[in-house]
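S.K.: Chain by chain, the residues run as shown.
Number of protein chains: 2
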Amino acid sequence: MLRLLLLLPLLSAAGTLPTPLRRHRSASLLVGPYLTRYLSQQIDHFGFDENRTFQQRYLVADQYWKKGSGPILFYTGNEGDIEWFCNNTGFMWDVAEELNAMLVFAEHRYYGESLPFGNESFSDSKHLNYLTSEQALADFAVLVEYLKTTIAGAQHSPVIAIGGSYGGMLAAWFRMKYPHVVVGALAASAPIWQFGDLVPCGTFFSIVTNDFRKSGTGCSESIRNSWNAINHLSSTDAGLQWLSNAFHLCSPLKTLQDAAVLKNWLSETWVNLAMVDYPYKADFLQPLPAWPIQEVCKFLKDPSLSDKLLLQNVFQAVNLYYNYTGEVSCLDVSQTATKSLGEMGWYYQACTEMVMPLCTDGVHDMFEPQKWDFDALSEECYRMWGVRPRLSWILSMYGGKNISSHSNIIFSNGGLDPWSAGGVTQNITNSLVAVVIPDGAHHLDLRSRNPLDPKSVQQARAMEICLMKEWIEKARHSH
Amino acid sequence: MLRLLLLLPLLSAAGTLPTPLRRHRSASLLVGPYLTRYLSQQIDHFGFDENRTFQQRYLVADQYWKKGSGPILFYTGNEGDIEWFCNNTGFMWDVAEELNAMLVFAEHRYYGESLPFGNESFSDSKHLNYLTSEQALADFAVLVEYLKTTIAGAQHSPVIAIGGSYGGMLAAWFRMKYPHVVVGALAASAPIWQFGDLVPCGTFFSIVTNDFRKSGTGCSESIRNSWNAINHLSSTDAGLQWLSNAFHLCSPLKTLQDAAVLKNWLSETWVNLAMVDYPYKADFLQPLPAWPIQEVCKFLKDPSLSDKLLLQNVFQAVNLYYNYTGEVSCLDVSQTATKSLGEMGWYYQACTEMVMPLCTDGVHDMFEPQKWDFDALSEECYRMWGVRPRLSWILSMYGGKNISSHSNIIFSNGGLDPWSAGGVTQNITNSLVAVVIPDGAHHLDLRSRNPLDPKSVQQARAMEICLMKEWIEKARHSH
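Note that the protein sequences, when read in sequence, are chains A and B. Number 333 in the numbering used here belongs to position 333 of the first sequence; there are no gaps in the numbering. Number 228 in the numbering used here belongs to position 228 of the second sequence; there are no gaps in the numbering.
For the record, the hints were derived by calculation from the structure and aren't laboratory data. Hints are not guaranteed to be accurate.
[What the hints assert, rightly or not] Listed next, the in silico BS3-like pairs over lysine-lysine satisfying Cα-Cα at most 27 Å (straight line):
1) K469/A to K66/A
2) K67/B to K401/A
3) K474/A to K148/A
4) K148/A to K401/B
5) K469/B to K401/A
6) K474/A to K401/B
7) K148/A to K66/A
Note that the structure is a prediction, hence the values are computed from the model and not measured.
All chains should be built: construct the whole structure from the sequences, respecting the hints.
M.R.: Below, the structure is given as structure tokens:
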């Protein structure tokens, strides 16, 4: 179970959220109007026995598009509702006019409204069988070809794939597998190498730790010390009671296992903070101030405090994350594990193709040591879904580090983002380009322009736009 | 039904045969010893609900291999028993020593011994569900990676895919989809564009017709006139009886439909002759003399003869094809439609992904006019297998004519081969190279060297070897 929880950050960062509606409304001020459309897709692109179709949702904004020659920026939807991604990918809206581009946001099957079997989609492994990255990419390819043949003037529009996080992986893979469909891809914060043994499993958490270390004296040490403090207190009923009160928990801790849930929840909170450590007030996962880790670290200056004083400070820190608006009356340690469909989908994907080894050692990071344990994951996946993960398949399919024969992909990475551990951070060839944004958290470059943007993200975006223009020009000439 | 029959030539050319054992023995004189191996493969690479595996057969010959640096020539098995392909791809054996290469011949799932569900594999659409080109390519990718990690000294061996006909398509697609696995591909007589509306549906049969026209005065005209002659005679019982006797048929024709079967059988015979019109005595589909069409045309000089005299000549012609050895006592019009597994498999593939539009008009070709009729095919497929073909999927998947971003593929074509109609016959880029062998029939270049080889095939092979050496060198340097 722990392994699955450790996989959660990616989901939380980019996926389903407790209050999508509010987010939608607040964010939509930044984006223009769009149309919602649906396309019939084969439930199974790779077999012919299942011949039924489902409705894939996609969003189209063509108000900036120059008919006949303007490109199409195609968002490769990831593990969540496509409207939320549409409203949180301001970069595409910001560049649409400059590029005379049509914007298309394609929903990933099994998320949002694009459910192959409606309410039955998650009922068992039979219904979940078509939830794979390959099927999603096939949906995207069929959708692009459909748009090109049905929208007047779009037949020769160069298409560029854009995505972040898992969606960034999809954007890169889309270009690799369907180069006839997209002329290039912007893969933002896409950990395409967080698989197999391509990168050390511990780097992810050491980046999180660095973010906290750099954001305040004593900060990462305080967190490192907090685990033992919790362990001490949770060994008695009185201690558990004290923890429940100190953390203002909605449901009191009763057992040692509850205390483990508390620790996982705290770990995820630190990881999430590392992902959303944006330079301005933002509301991505939670409403937060600018540079939230710095704010959090103001409570975590003294790692040498007694257990209870230390943990009271830890509460102040997480309370800033979960209750910045001051409207929350208690904290819910199951909050990141809601049973929303989006989360269900990502759990399944993490149990099949998307096996990302992660580990901690407590030395190079501030977390409790935890080895990577594939067998435990496999057992848990079999128990939950009746499926076994396949460790090497994604490497066989997408090439691991051996991708130099591909072209026209930008891999952008945030230096603060733990997912940069599995990202492409150095140029592979002239046209497989890495961009590192030292002051950037999780796909900061995909967010709307902001007066407080650091220079590094401005430069990254400028380079991304420049390369995209090159691809578009080249496609125009070759046509 | 007719459409399916029209799809048969590809099968007959490269697939299962009535007497594989005899062929095996006669051909094996040309090739060296090899080992037979098996690898456990996922039955479904693209879904996790079906987690069973099957044994994929493959053959390995490493006697010429230079351990550590020599390349691997990887035959992408097509629709038939891999031993037969191994013994009919002399080119690989001829170049193994020069290239210090290991030879690997991988069997295509659902053919030969590589049956995912044993004897049940063809029982229904559920069991046939995993018979697709994508699954086959995934098998190849997994197999190559397995070989590289388990054979000492093979880890950095550059791998080149080689295949002919459908196997040539697979070789090309393998490089396109898994460029991290193979550094290049030789796609011999691979009609990757015989799909959708990429090429005119009639070219295939006009090439067959040209072969006959050029091989003897009156030859193609005689065949063109034979259809009406058959139609006249088959309108009466006496005529059917006469036809049965004249063609020495094993089972007499009883109905008009039987006469249609006779005509299809004749059409396939002419098509097969066009595919095996080799410059020397050979035994590919049948034991035949050098330039068999010229021999056949010696019987077909006068197209103006009366119906019966004309058809007696047609019998002499086809008798040369089916009875060159003189051992056959009667001709069997169902011979090309045996119920062997290999044929079953290709029928299914032609009913799902491999929809190749073909048509005749009787003007630009010597056949009875027959429009391309997708709906009829779809109905027939549904009746036979419970599946519907998907016309555009293969284009979405493999890019149709829009493949210029790929690299290191040689497309070789025989000028006499009807399948060159759907082949890549002009260079696309510097590294997507087309070779046309004017005097070549179906993948002549993949056959063993022969003293009677025309200059054009010698030059083609020299160029193929040269390019393969370039790929190998480049891979060595980049490593």
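S.K.: Indicate, hint by hint, whether the structure satisfies it.
M.R.: Tested hints:
1. Annotation: proposed proximity of K469/A to K66/A holds, straight-line Cα distance about 14 Å (limit 27 Å).
2. Distance restraint check for K67/B and K401/A: the Cα-Cα separation of roughly 24 Å lies within the 27 Å cut-off, and the hinted pair is therefore satisfied.
3. As the CA atoms of K474/A and K148/A are separated by approximately 18 Å, the hinted pair is consistent with the 27 Å bound.
4. Distance hint between K148/A and K401/B is fulfilled; the C-alpha atoms sit about 16 Å from each other, no more than 27 Å.
5. For the suggested pair K469/B and K401/A, the alpha carbons sit about 24 Å apart, so the restraint of at most 27 Å is met.
6. Note on K474/A and K401/B: the hinted pairing holds, with a Cα-Cα distance of about 18 Å set against a maximum of 27 Å.
7. A distance of roughly 14 Å separates the Cα atoms of K148/A and K66/A; the hinted pair therefore holds under the 27 Å criterion.
Hint compliance for this structure: no hint is broken.
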